[in-house]
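First to last, the sequence lines map onto chains B and D. Start counting the first sequence at 459; every next residue gets the next number (our numbering). Start counting the second sequence at 5; every next residue gets the next number (our numbering).
The set of hints was computed from the structure by calculation and includes no laboratory data. Note that the structure is predicted; figures quoted are calculated from it, not measured. Check each hint, because a few of them may be wrong.
[What the hints assert, rightly or not] Just a few of them, taken from the derived set where beta-carbon distance is under 7 Å, the chain B residues facing chain D:
1. L500
2. A505
3. I563
4. Y614
[What the hints assert, rightly or not] Residues of chain B placed beyond 10 Å of chain D at every Cβ, according to the derived structure:
5. T469
6. G493
7. V510
8. G542
9. Q566
10. P568
11. M578
12. T592
13. G612
14. R623
Quick reminder that beta carbons are idealized off the backbone N, C-alpha and C, glycines included.
As a plain string of letters, each chain reads:
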Amino acid sequence: MAGITLTVNGTRREVQAPGDTPLLYVLRNDLELSGPQFGCGLSQCGACSVLVDGKEARSCVLPVSRVAGKEVTTLEGLPARWAGQQALPASEADPALHPVQQAWIDEQVPQCGFCQNGMMIKATELLDEVPAPTVAQIKDAFMSGASPHLCRCGSYSAILDAVQRASILMAKGR
Amino acid sequence: MATATRHGRDVYGATLTRRQFVKTGGALIVGFSLAGRSVLEQAAEAAASKNSLDPTLAGSWFEIHADNTILIRTGRVDFGQTTAHTAYKQIVAEELNVPFEAMTAVVMGDTDRTPDGGFSAGYLEYGGANLRKAAAYTYQALLDLASSTLRVDKSQLSVKDGVVSGGGKRISYGDLVRGQQLKLTIPVTGDLTSMFGLTVTGTPPMKPTSEYTIIGKSFPNAVTPSKVSAKEVWVTDVRLPNMLHGRVVHPKTLGSTLVSAGELNKTRYPNAQVVVKGSLVGVVAPTEWEAIGAAQQIAADTKWTEWQGLPGDAQLYTWLREQADWKTTPVSKSDKSRGEVAPALASASKTLSASYELPFMKHAPMGPTIAVADARTDGTVYIHTHNQNPQALRGQIAMMLGTSIDNVVVRIYAGPGHYGRSNGGNAGAEDEAVILSKALGRPVRVQWMRPDDLQWSTQSPPAIANIRIGWDADGKITAYQADHYMPAMQDDRLVGALIAGLPTPPPPDIRPQAGSIGSTVNGISDPWVYDLVPNVAESGYGTFQLGQKASPLSIGLRDHSMRTPGQLQQNYPRELAISEAAALAGIDAIEFRLRQTTDERLIGALKAVREASGWQTRPSPHPKAAASGGTPVSGQGISVMLRSGTYWACVCQVSVVPDTGTVKVDKYTIAVDPGIVVNPLQLKRTIEGGALMGLSHALYEEMTFDQSGVTSRDWRSYPILTMNDVPEIKVVILNHPEIGAYGGGSEAANALAVSAIAGAFLDATSKPARRLPLKAAYVQSVLKA
Ligand code: FES
Ligand code: FES
Numbered sequence: 459m460a461g462i463t464l465t466v467n468g469t470r471r472e473v474q475a476p477g478d479t480p481l482l483y484v485l486r487n488d489l490e491l492s493g494p495q496f497g498c499g500l501s502q503c504g505a506c507s508v509l510v511d512g513k514e515a516r517s518c519v520l521p522v523s524r525v526a527g528k529e530v531t532t533l534e535g536l537p538a539r540w541a542g543q544q545a546l547p548a549s550e551a552d553p554a555l556h557p558v559q560q561a562w563i564d565e566q567v568p569q570c571g572f573c574q575n576g577m578m579i580k581a582t583e584l585l586d587e588v589p590a591p592t593v594a595q596i597k598d599a600f601m602s603g604a605s606p607h608l609c610r611c612g613s614y615s616a617i618l619d620a621v622q623r624a625s626i627l628m629a630k631g632r
Numbered sequence: 005m006a007t008a009t010r011h012g013r014d015v016y017g018a019t020l021t022r023r024q025f026v027k028t029g030g031a032l033i034v035g036f037s038l039a040g041r042s043v044l045e046q047a048a049e050a051a052a053s054k055n056s057l058d059p060t061l062a063g064s065w066f067e068i069h070a071d072n073t074i075l076i077r078t079g080r081v082d083f084g085q086t087t088a089h090t091a092y093k094q095i096v097a098e099e100l101n102v103p104f105e106a107m108t109a110v111v112m113g114d115t116d117r118t119p120d121g122g123f124s125a126g127y128l129e130y131g132g133a134n135l136r137k138a139a140a141y142t143y144q145a146l147l148d149l150a151s152s153t154l155r156v157d158k159s160q161l162s163v164k165d166g167v168v169s170g171g172g173k174r175i176s177y178g179d180l181v182r183g184q185q186l187k188l189t190i191p192v193t194g195d196l197t198s199m200f201g202l203t204v205t206g207t208p209p210m211k212p213t214s215e216y217t218i219i220g221k222s223f224p225n226a227v228t229p230s231k232v233s234a235k236e237v238w239v240t241d242v243r244l245p246n247m248l249h250g251r252v253v254h255p256k257t258l259g260s261t262l263v264s265a266g267e268l269n270k271t272r273y274p275n276a277q278v279v280v281k282g283s284l285v286g287v288v289a290p291t292e293w294e295a296i297g298a299a300q301q302i303a304a305d306t307k308w309t310e311w312q313g314l315p316g317d318a319q320l321y322t323w324l325r326e327q328a329d330w331k332t333t334p335v336s337k338s339d340k341s342r343g344e345v346a347p348a349l350a351s352a353s354k355t356l357s358a359s360y361e362l363p364f365m366k367h368a369p370m371g372p373t374i375a376v377a378d379a380r381t382d383g384t385v386y387i388h389t390h391n392q393n394p395q396a397l398r399g400q401i402a403m404m405l406g407t408s409i410d411n412v413v414v415r416i417y418a419g420p421g422h423y424g425r426s427n428g429g430n431a432g433a434e435d436e437a438v439i440l441s442k443a444l445g446r447p448v449r450v451q452w453m454r455p456d457d458l459q460w461s462t463q464s465p466p467a468i469a470n471i472r473i474g475w476d477a478d479g480k481i482t483a484y485q486a487d488h489y490m491p492a493m494q495d496d497r498l499v500g501a502l503i504a505g506l507p508t509p510p511p512p513d514i515r516p517q518a519g520s521i522g523s524t525v526n527g528i529s530d531p532w533v534y535d536l537v538p539n540v541a542e543s544g545y546g547t548f549q550l551g552q553k554a555s556p557l558s559i560g561l562r563d564h565s566m567r568t569p570g571q572l573q574q575n576y577p578r579e580l581a582i583s584e585a586a587a588l589a590g591i592d593a594i595e596f597r598l599r600q601t602t603d604e605r606l607i608g609a610l611k612a613v614r615e616a617s618g619w620q621t622r623p624s625p626h627p628k629a630a631a632s633g634g635t636p637v638s639g640q641g642i643s644v645m646l647r648s649g650t651y652w653a654c655v656c657q658v659s660v661v662p663d664t665g666t667v668k669v670d671k672y673t674i675a676v677d678p679g680i681v682v683n684p685l686q687l688k689r690t691i692e693g694g695a696l697m698g699l700s701h702a703l704y705e706e707m708t709f710d711q712s713g714v715t716s717r718d719w720r721s722y723p724i725l726t727m728n729d730v731p732e733i734k735v736v737i738l739n740h741p742e743i744g745a746y747g748g749g750s751e752a753a754n755a756l757a758v759s760a761i762a763g764a765f766l767d768a769t770s771k772p773a774r775r776l777p778l779k780a781a782y783v784q785s786v787l788k789a
């Protein structure tokens, strides 16, 4: 079992795991991150989503060996990622929350909240590419990727509100 | 530990005592005593038993601290409706006259840290009522304390923001309790580990609802920031020292017993172990990935008996009609049944007679069930889980192990919502984790995989209903007859215990057996709202769960309550049939309903939804309705419901492409009158969520099964609503504080969707679709008929 080096939320980490271990189990069990969740293990729901080099990926089916040398961002890493994108000095960056997370609070999106990791990751990917998306573009984003992003609690309409709010917050550079 | 003084002060039947003076801090702690037993007896008992609630400390309802902060404890677990973190705080703050922000902590669910037990349902009806009363006692006790401290008569005192004033003097609650350990013991009744838990009794004076200032405001959920910033400790995050990861290889069918467990490939899985108990086959390993791989290998090599005891989904409704035993179980009649239906139907100017069908549906939480169990050598068992009735689970685990509930502690964490599935204590993995932990002497984390969750959990039961309606020339209903058929739906038994052959409560039988509230009786769950109808006969017929008696494991298709249990199954046929009757009568479907009722709140909700939805007042079907063609046709539908004191009216506008059989919901409008609105923002979000789950039920959801078991195994074979299907949603909240009570039941939003959508389908196509879900193949068959 060889050591694998990957960059998670800006930090280089070395893990001892078989290369075919899905990234999700490495993130949760070895690195003790709690953002990505196990929803299906089948790439069908999005609960486990992370950003790999800025693109949303399903960590439940992604062998850890495939992300060696790549940049993995989890929910925990969104605030620092935002600060980096703003090129803010550390003192001025609000380290607590990414605008997407703030919008999720403002709009009181979560019901149980179990799916929301993937929803916020997907929203972040979208807003990086399309800063002011239309409702149709937002819907398309959550239908795209390996599968539609699923929420059993039916928070979809709250998510539509929150993505639009996040877009405004980001335009303000907050 | 100081003992309670014998000379407590009586507060409307509660008892206030000072346990001791303390140098720092101080608190008023609100505990309970079971009616009929003295405070001292209760305290002595608690002290003697190491794990049961110490009513003087851990199991208190509230703690009022010297720094003016307040801690709330509730046995009811919030599953994302936010009630415990918003409404409960508002109820307590209101009754105590303290700011919302004074409530700094909510302890929820843990069996050794909360007082009352009970299920995650009827949050406001039961749990909210308990907290309100407990707070009312506490308020009186605080006034008494202030009166003696300030030497001002109680009647002269008033409280604002946690500060008591009167006679020119003032003191905060914090200062009142400073330097003392005070205890208020309030009277309760009930059984902690029963489904309902404990109920606060007595009649302390309560704040008139007309004076409410905190209830009715939109407070945010305090848990949301930790959930969106990955700071929440989810059940999926529980890691205990020395813990093993476990997977369970479930039997081949819902009635298969173990012939032989597979042999572990030690070369590939050197650290894994197999545990067999009865027909339960568990696989554990130090890492999750090894446990998953080893479980797959074992599953492929394990031999089971065959079993085919189910009708299969294609035969479901025929089987329910022709084979199910509806005769053994006592028939239920609604309390609104009256008059003589048969002659009224015979003399009606027109009648409708139709049958309606609903499939099995899954709770289908976003995360499969998971639990960590720690069975220790001293005989105690700790279970870390996400469950809607921790005290009931505690009771069931004790029964499974043949031990006292004092040896079992259940701790609760955030997890995926599962909408009623575990309100009798069984989410799924807890008992399996306990069995494996006990066998191995180490903590074990059992995570079900997606197929386990869809195939081995309980489901919402299917139903059929025969409805007959007769009306006169003025469009007044003269007779309504409903015969509802549904298998039992409250099977609380631990599934791992059943597979392992360990003790469980009995399965639902024709009447509740000792240790179980479930029975096969199909009660009338959908309150009748059309009070002008002179002749009404509503009957409920129940039967056993499909395959359960025949299964050697006593499993078969186990059912459990889901969201609007039973009511969905009865409201959908009622409301669709009434829309069909309105169409046959040539009367607008809202107008037709208004003619059958004098209930002002129902009328208000109907008118509000009519106005907000852009409803076209006209008879159905739509003038351009079509049952064929490739161009979309559109229609509107209405449904109403009374649930837990709350009135609902819902309008859906849909478009249908007849040739492809596609149904799309364009707009969903709902009006809700709960009486007093506790928290408008949270109510709106909960309703939106319910609405979308209802769309999912209407358009997609149907559990598939063959003769051996459930064939829905993932999100492809059990599809649910996606972002693409989200319509315009409008929520109209009607605040009626003069009602003087807050209704609950916001999950009703899901049940209203199905009949409103089916009504809109009728309007758009002129054909009734009397079976859910409205999938393309079924829709096409309806339109071609
Ligand atoms: S858990 Fe990875 S997509 Fe569902
Ligand atoms: S908020 Fe519960 S699954 Fe999305």
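Against the structure, the hints come out as follows:
1. About 6 Å separates the beta-carbon of L500 of chain B from the nearest beta-carbon of chain D, less than 7 Å, and the hint is met.
2. At its closest, the beta carbon of A505 of chain B sits 6 Å from a beta carbon of chain D; the interface hint therefore holds under the 7 Å criterion.
3. Annotation: interface hint on I563 of chain B holds; nearest CB of chain D at approximately 5 Å, less than 7 Å.
4. Taking 7 Å as the C-beta cut-off, the interface hint given for Y614 of chain B holds, the closest approach to chain D being about 5 Å.
5. With a minimum CB-CB distance of about 15 Å to chain D, T469 of chain B clears the 10 Å threshold, and the non-interface call stands.
6. Non-interface status of G493 of chain B relative to chain D is broken: a Cβ of that chain comes within 10 Å, the nearest being about 4 Å off.
7. Look at V510 of chain B: its CB is around 17 Å from the nearest CB on chain D, clear of 10 Å, so calling it non-interface holds up.
8. Every Cβ of chain D is farther than 10 Å from the Cβ of G542 of chain B; the closest lies at roughly 17 Å, confirming the non-interface assignment.
9. Remark: the non-interface label on Q566 of chain B conflicts with the geometry, its nearest Cβ contact in chain D lying 5 Å away (cut-off 10 Å).
10. At the 10 Å boundary, the C-beta of P568 of chain B falls inside the reach of chain D, the nearest C-beta of that chain being 5 Å off.
11. At the 10 Å boundary, the C-beta of M578 of chain B falls inside the reach of chain D, the nearest C-beta of that chain being 7 Å off.
12. The Cβ of T592 of chain B sits about 14 Å from the closest Cβ of chain D, beyond the 10 Å cut-off, so the non-interface label holds.
13. Some Cβ of chain D comes within 10 Å of the Cβ of G612 of chain B; the nearest lies about 3 Å off, and the non-interface call is violated.
14. The claim that R623 of chain B is not at the interface with chain D holds, since no C-beta of that chain comes within 10 Å of its own (minimum 13 Å).
This entry does not satisfy hints 6, 9, 10, 11, 13, going by the numbered hints stated previously.
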